[in-house]
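Asks: Residue strings, one per chain:
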Amino acid sequence: MPPALEARGIVRRYGTLLANDRIDLAVAEGEIHAVMGENGAGKSTLMSILFGMQPPDAGEIRLDGRSVRLHSPADAIARGLFMVHQAFRLFAHLTVWENVVYGQEPRRLLLLDRRAARARVATLAARYGLSVDPDARLGLLPVGVRQRVEILKALHRRVRILILDEPTAVLTPPEREGLFAVMRRLASERCSVLFVTHKLDEVLAVADRVTVLRDGRVAARFATAATTPAAIVEAMTGRAPVPRPPRAALAAGRVLLDVRALTVRAPGRPRLVDEVSFTVRAGEIVGIAGVAGNGQEALVAALVGLRPPDGGRVLLDRRDVTAADVATHRDAGLAYIPEDRAAVGSAAAASIADNMAMGFHRAAPFARGIWQDRAAVRAAAAALIARHGIRAGGVDRPAGALSGGNLQKLVVARELAHGAAVLIAEQPTRGVDLGAIESIHALLAAERAAGRAVLLVSAELSEILALSDRILVMFEGRVLAELAAGTADAQHLGRLLAGQRDAAA
Amino acid sequence: MSGFVSPFLVHSAVQAITPLLLAALAGSLCAQAGVFNIALEGQILVGAFAAVAGSFHFAGAAAGVACGAAAATLFALILACGSTMLRGDAIVIGIGMNLLASGLTAYLLRQMFGVSGTFDDPRIIGLPALRIAALDRAPLAAAVFSGQTALTWLAWGVTALIGVGLFRTAPGLRLRGVGAEAGAAATLGVAVGRYRAATVLGAGALTGLAGAQLALGTISVFSEDMSAGRGWIAVVAVMLGRNNPLLAALACVLFGFADAVGLRLQSLGMASQLTDIAPYLVTLAALLLGRRPRQPA
Amino acid sequence: MRRLRPPAAVLAVTAALGLGALLVAASGADPLTAYGAIVTGALAWDTLPNTLNWAVPLVGMTLAAAVPLRGGMVNLGGDGQLVLGGLVAALVPLALPPAPGAFIIALAMLAAVFAAAAYAALAAWGEVRHGIPMLVLSLLLSYPMIGLASWLVGFPLRDHSSGLPQTVLIAASARLPELGAGIGGGALAMLLVAVLAVVADRRLVAGYALRMRGLNPRFAAYGGVRPGRQALAAMAISGGLAGLVGAILVLGAQFRFTDGALLSPGFTWSGLMAALLAGGEPAGAIAAALFFAVLQTGAFAMQRETAVPRVLAMILQAVVILLLAARHGLDRRQAGG
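Protein chains in written order, with my numbering: chain A, 1 to 505; chain B, 1 to 297; chain C, 1 to 337.
Chain A on its own, in the form it takes in the complex (with noise of 0.2 Å):
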């Protein structure tokens, strides 16, 4: 029997870059498929390449050893396939039912059959243990509801095979396995299940066979019932994995951050940032850890000003900053690693130089008085792309142009080139490629060495604990544990995040 989905010799460039090189892959009937690889390995392109959002330069896909072009992802539903973006696509202000049935609706005479819908709904989620209820309005479901409603859309059109890109970032362990019996009824309905993921438990847990893939090739295949963890690493990595070299324990000095019972409500909602406190001293590095959703952002949002507090206090170096806007947040001597680097970070259609001074263009160097000072501008800017190897062509090209990494890369050179005491680094690696990895988590390491203050906000448990001299654990808005960086370990730290309190004690 033919593979139902098997992708021939895939090849994607981008200018310059080769994200897929002659990829092949087979994914049986009946099959739970993991796809590995680092950041930038070409898992997302490959999928991307399968799911009809754009063509291959060269390469077939066969369904069921057919031959077919897929020209859209709607063209792509209609063959039975169904992709679970990371970001959900979904409508939030329509209701559960709405968004399962919203282009395959059912109908009577002219009008939408709303009973029957809703029935749809409820039967399916029920036969596939995902709890919903049809009747709520998406917008104010948990992340890990919504997904379920993503997989609903997919049952309701019959899916056979569905593909899942990196789905249990933003689950709970217990919803974690949740969704793994899913993938596992589907697999057994014989369903074909494409599973992207970074995470290697997740692979031995759940998946049948794995292929994985390296700077756009195949590195490796293996049936996972006849293959070890460090051998699928070595794959990934292109070396055997070496253990972290222990850091060099540093004596914290004063706190300079000093938050003591912050909250932040919402309308209607429970508090997102519900009494939180904790102090970052001169020379340490303290993560958050948890699974997005849990209240980081909004924690983040009160710490630099951007959006008001409801109670409690922050100190940044003393000075009590709690109600204060970002430029007094800023003068205080805070630095700001946005988690969105092109939304907020950056302006795409600004130069590089005019983005380089943002966030310091009210003082000097760059202003003298009311004035900007355009060469101190375009000199500074010119310093850092060169310091940091940002891959520039210039300080008056536009921002946009920069790769992902790259404007990264400068975003974190702005932030860290005027010494500011304190630094909050939220998500700073998300999405970038191992080397801007590398070179970004040495600079949050020189940060720590020369005395300065960090907080680092990361959903990566992996960077937390490389990172970190203390861990907090948010969950649900508050703080549920706080951890010395030797004693947590991602088990621990796993039951944690789901908000297992008996954990914490």
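By construction, these hints were calculated from the structure, which means they are not laboratory data. These numbers were taken from a predicted model, which means no experiment stands behind them. Relax, there's no trap hidden among the hints.
Label-pair ranges, simulated between beta-carbon atoms:
1) ALA228/B to LEU169/C: 28 to 34 Å
2) PHE155/C to ALA129/B: 31 to 37 Å
3) GLY117/B to GLU178/C: 30 to 36 Å
4) PRO308/A to PHE155/C: 43 to 49 Å
5) GLY163/B to ASP215/A: 54 to 60 Å
Ideal placement from N, C-alpha and C gives every residue a C-beta, glycine not left out.
Following the hints, position chains B and C against chain A.
Replies: Same frame as chain A, now just chains B and C:
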């Protein structure tokens, strides 16, 4: 007070609501499709001009209404193409269209009819008022229902139709998704551009009817810039209704009554310059009271 | 909104002139004659001062629109601000006791600028404090102001010796002096304002901050640009400029406030068009305003000589903007955005 809220006031309020309502429905539909349509003002004006020209040339109110709807639809093609295929900024396009409408109608007024300012001619046939004799003994009901134009009846019929269409049919569901999350809709096979363009064109026809009511409803004249900010009030109604056409219709009722109260005050001897302000003041007050709680950035 | 590259603007203007020619031809006139009349009517030696005097308020209203636009905001309330400025400028000289003319002029202009600035800032306040979109609010605030001014000069403040709703004439000593050759004194003030605008945009910290907000408001807020304060300031400057234009027109040309006289030329909307044409960049906006001034003054001559209505100028302007909006969209599409 009972003397103030007279049947006459109610009657003129219902009249005043019609063009606002048609334009606000148009704006709400566009908003649902994800197009911020601020060209309503210009579209009304084009509709009004074409309605008068049509009524004059073909010697019939119905022909005028048809011309008004057709011309405004054609005019809306600019926004339909501009905001879909050409991906222009809807606000810039809207501002441009409003000016183009103002200039073009003034130009054509001079070239076609040789007048400037106001075109008033007995050969412009207005819309007949439909009297309902059965209501003669219920003055207030008669004021609301009797003596209104067919377009007023149509406007409320269309309101109900849009309510059902948007919230109870499959294309309506798709339209509601297209505006909020175009990417998600496209992934599920909905032709976003086509939905958008069709909505903008349909909205154009509705604003054309609004213009026809304005020019042929109570009076039968065209004067330059006779839309006089009604398109903008409709934009506010869309905002107050949070893109829901039924709530926008409610806002229009409020504004229509403000308009009628202005007229009433004028008949009581107040200066027209002041009474003309009434709808805007009510609109401003409604905006202030109906504002959303401010979301922190 | 990106700064315009010259070829796109040139292309849009050329295409608009082509479409305009079709319209003129369709209404039975000769396009070349009409356009010729525009050029000679605006740029002949003896009509130049006239064109320049027309350009002064147009440039002013262009800058009034360009300042908020540079920060991604739109002020549609220029009409109301212009009227308020004109009214205040017409009333101050009447209210003041006899004093040196220069003193009265300065005071009248200042009062006009501040009154209009405060009124415009009200729209920003509504957005900042109450979340009411400034685009709509600024326009809605405009209508009551126009109505109020119209009532004031129609009744309580009316010059009953004249048949029109207008205020009493300002004494000759309190009028803006001419520079000579028929060029009004307002030209000097506007030149100064134009230079200030360009310098502020390119060299001031505040200009940088406003530009960044226009390119990405979240980025600016993240960098500590205070969005509320900036919106208030931009709208106050915008309204102040509109008020200044009102004062220049009243003190330098009309010498009284006449109902409707400030608005009938449509400076506000032409100015908005010119500012849009340049994406709010002041130097480009001024150039566009000068072009529109030529078009509009020339159109008067065209109407006199060829019977083609002068609103053709307005049509051409609108078509330029529409073509340019489409063009920007195409660029965005090619960039894959």
